[in-house]
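Chain order of the listed sequences is U and V. According to my numbering, the residues represented by the first sequence are 6 to 189, in order. According to my numbering, the residues represented by the second sequence are 6 to 189, in order.
These are calculated hints, taken from the structure and not from any lab test. The model shown is predicted, which means the values in this text are computed figures rather than measured ones. Any given hint could turn out to be false.
[What the hints assert, rightly or not] Here are the simulated DSS-like pairs of lysine-lysine, each with C-alpha atoms no more than 25 angstroms apart in a straight line: (1) Lys34(U) x Lys34(V); (2) Lys55(V) x Lys34(V); (3) Lys34(U) x Lys55(V); (4) Lys34(V) x Lys55(U); (5) Lys34(U) x Lys55(U).
[Stated by the list, open to error] Short derived list, chain V residues pointing at chain U, Cβ under 7 angstroms: (6) Gln26; (7) Ser29; (8) Leu33; (9) Glu61; (10) Ala114; (11) Val161; (12) Leu162; (13) His182.
Backbone N, C-alpha and C define an ideal beta-carbon position, used for all residues, glycine too.
For reference, the chains in residue letters:
2 protein chains.
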Amino acid sequence: MPPSQTRDRILTATAELFRRQGYSGTGLKAVVAEARAPFGSLYHHFPGGKQQLAEEVIHASGAYFQALVCAVYDEQATTADAVRAVLTGAAEPLEATDYEAACPITTVALEVASTDEVLRRATAEVFERWTVALTERLGDRDRALAVLAALEGAFVLCRARRTTEPMLAAGAMAVAHATAAPPS
Amino acid sequence: MPPSQTRDRILTATAELFRRQGYSGTGLKAVVAEARAPFGSLYHHFPGGKQQLAEEVIHASGAYFQALVCAVYDEQATTADAVRAVLTGAAEPLEATDYEAACPITTVALEVASTDEVLRRATAEVFERWTVALTERLGDRDRALAVLAALEGAFVLCRARRTTEPMLAAGAMAVAHATAAPPS
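With the rest of the complex left out, here is chain U:
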């Protein structure tokens, strides 16, 4: 198998493990087991070890999630429909995956925020890219940040409580906020 396929498998497996159990809880042995890759291939492809692997996963997951959310958003005819589709649309996969299919980087972002400046910056860059993409669509940076906060916070509450109720409630708030008249 060509090296690039092994590399991709390692990235995909790591993203899965991070989403499910976080950064600190994911050992490199679990990564190679999940990726069905020889241990040596990990340092061959990621000489910087776990930190380099995590940095690449954060950027790759961030880009993937952004593309997914933007595709859902841009399919809709109105801002209200688009924001509703993104937030309430997140409820179904959450439930279908036993509350694992949430934001791919939040757990890692919180774990590294005060402990690893390289990875903290990577998560900050991803959140900033998402904010910019949403600002382009909503026409206002503060609204974009607020809607993104609602989505992220709802993922936390849904995963902890194993119900989609917080996502539906946050979705209604985000739709109202995204479509409200600008403050005078």
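Got chain U sorted already, so can you dock chain V onto it with the hints?
For chain V alone, coordinates are given in the frame of chain U:
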């Protein structure tokens, strides 16, 4: 020193460490070092080990944070002032503590959501108690869930990006949502 003081020091130290570096990233050696407690005292006071310790910390931190937020809320004259005080009021301690003074249980909640059912339930119980307290004040459960999601999500974005901008934006949305006329 009486055992109860050691027990309290262990709980406080663990809460601090969880907030800063999460559950998986916090070893019991770090806990006893931070608590200035002998290692043996940990299993004396918490025979169930790290899981029991975490469960007690989640409940204690949850009750502490709830009391703090309710005190801030109940000091205000109007719903708008109260929601604003809670959310935008969270911005100042965040900045003053180098973005560590955020929700005390979110990081742990995300780490354990798919990996430890005992601890997942503990975080779910805390989030439910917060939701009930906020529902009593806002008069509507969906609004309470949405405002809580906005607060939680803003903590994530602020910690990752080291700016209070998301909290201020989420605060404006939460105030508008908490005070909007009920949907007809």
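Is the hinted pair Lys34(V) and Lys55(U) satisfied, with a Cα-Cα distance of at most 25 angstroms?
Given pair Lys34(V), Lys55(U) holds - Cα atoms ~23 angstroms apart, limit 25 angstroms.
Given Leu162(V) was flagged as interface, is its beta-carbon under 7 angstroms from a beta-carbon of chain U?
It holds, given that the least Cβ distance between Leu162(V) and chain U is near 6 angstroms, below 7 angstroms.
Should the interface hint for Ala114(V) be scored as holding, given a Cβ-Cβ cut-off of 7 angstroms against chain U?
4 angstroms, holds
Have a go at the Gln26(V) hint: is there a Cβ in chain U nearer than 7 angstroms to its own Cβ?
Interface hint status for Gln26(V): holds (5 angstroms vs cutoff 7 angstroms).
For the restraint on Val161(V), tell me whether the closest CB of chain U is nearer than 7 angstroms.
5 angstroms, holds
Would the hint linking Lys34(U) and Lys55(U) be met if the CA-CA limit is 25 angstroms?
11 angstroms, holds
25 angstroms limit on alpha-carbon distance, applied to hinted pair Lys55(V) and Lys34(V)
Judged against 25 angstroms, a Cα distance of about 11 angstroms means the pair holds.
Does the nearest C-beta of chain U fall within a distance shorter than 7 angstroms of the C-beta of His182(V)?
4 angstroms, holds
So, as I understand it, the hint says Ser29(V) touches chain U; can you test that by seeing if any CB pair is closer than 7 angstroms?
This interface hint holds because 4 angstroms falls under the 7 angstroms limit.
Lys34(U) paired with Lys34(V) [C-alpha distance capped at 25 angstroms]
23 angstroms, holds
Should the hint that Leu33(V) touches chain U count as held when the rule is a Cβ pair under 7 angstroms?
Result: violated, 14 angstroms to nearest chain U Cβ.
Would you check whether Glu61(V) satisfies its interface hint, that is, whether its CB is within less than 7 angstroms of any CB in chain U?
17 angstroms, violated
Of the numbered hints given earlier, the model fails hints 8 and 9; all others are met.
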